[in-house]
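Using the sequences and the hints given, assemble the complete structure.
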Amino acid sequence: GAVVSQHPSRVICKSGTSVKIECRSLDFQATTMFWYRQFPKQSLMLMATSNEGSKATYEQGVEKDKFLINHASLTLSTLTVTSAHPEDSSFYICSARDRNLGRSDTQYFGPGTRLTVL
Amino acid sequence: AQKVTQAQTEISVVEKEDVTLDCVYETRDTTYYLFWYKQPPSGELVFLIRRNSFDEQNEISGRYSWNFQKSTSSFNFTITASQVVDSAVYFCALSEATSGAGSYQLTFGKGTKLSVIP
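From first to last, the protein sequence lines are chains A and B.
For any residue, its number in this note's numbering is found by taking its place in the first sequence, counting from 1, and adding 1.
For any residue, its number in this note's numbering is found by taking its place in the second sequence, counting from 1, and adding 1040.
Think of the hints as simulated: they come from the structure by calculation, not from any bench.
Be careful, since some hints might not be right.
[Stated by the list, open to error] Under 8 angstroms between C-beta atoms, here's a sample of chain A residues computed to sit facing chain B:
1) Phe-40
2) Ser-44
3) Leu-47
4) Thr-50
5) Phe-92
6) Ile-94
7) Arg-98
8) Asp-106
9) Gln-108
10) Phe-110
11) Pro-112
12) Gly-113
13) Thr-117
14) Leu-119
Virtual Cβ for every residue (Gly too), placed ideally from N, Cα, C.
In structure tokens:
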């Protein structure tokens, strides 16, 4: 149980284009989904927190107009990197918090999306 | 503010040796959760364990064991008889129940890279 999927797993795009990453909780409903960014050999950096049906809460320093987050349902959240540039190249990971009270304090992570902007 | 310190950046052990990964945390809350996640080279974070602040009982799961000591604010992780498949980056994380308007945001340590040499 508690499986989170991400799509795509890898994406290469040209500078200036937009890229959408999907995060799905497959066997549970997610109260909250989180988006992280991870640079090589570093820890995870929280970008934003999103609750279903409401606007995402962005961490300080994260541009909300550049990283658009939509959490349309209890099982799906999307992150769109708009007008991507090479410095946006990174490993993006989502996680989901189970709505079930017995597991609601644990985040389950997706496999990540490696974005390369040329 | 919460903080997680994993002082060991990298550890190398020979297969079948035991290894302990250290984790020290700081929090002002009385209610919090501690986690360990494994990140193999593939990138996906695998949930290993969750421990709440009211449960100091140590836990064993196969070759894995965890020692939670509130007196020293530590939550150490021991792998017994290590195997090559244990090679990964291990993250310790802290979640305060009251953080982020109840969204249980995670604060990660910087991770410890474990290499198990055959």
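Contradicted hints - numbers only | Numbers 1, 13 and 14 - these are the hints that the structure violates, sorted from lowest upward.
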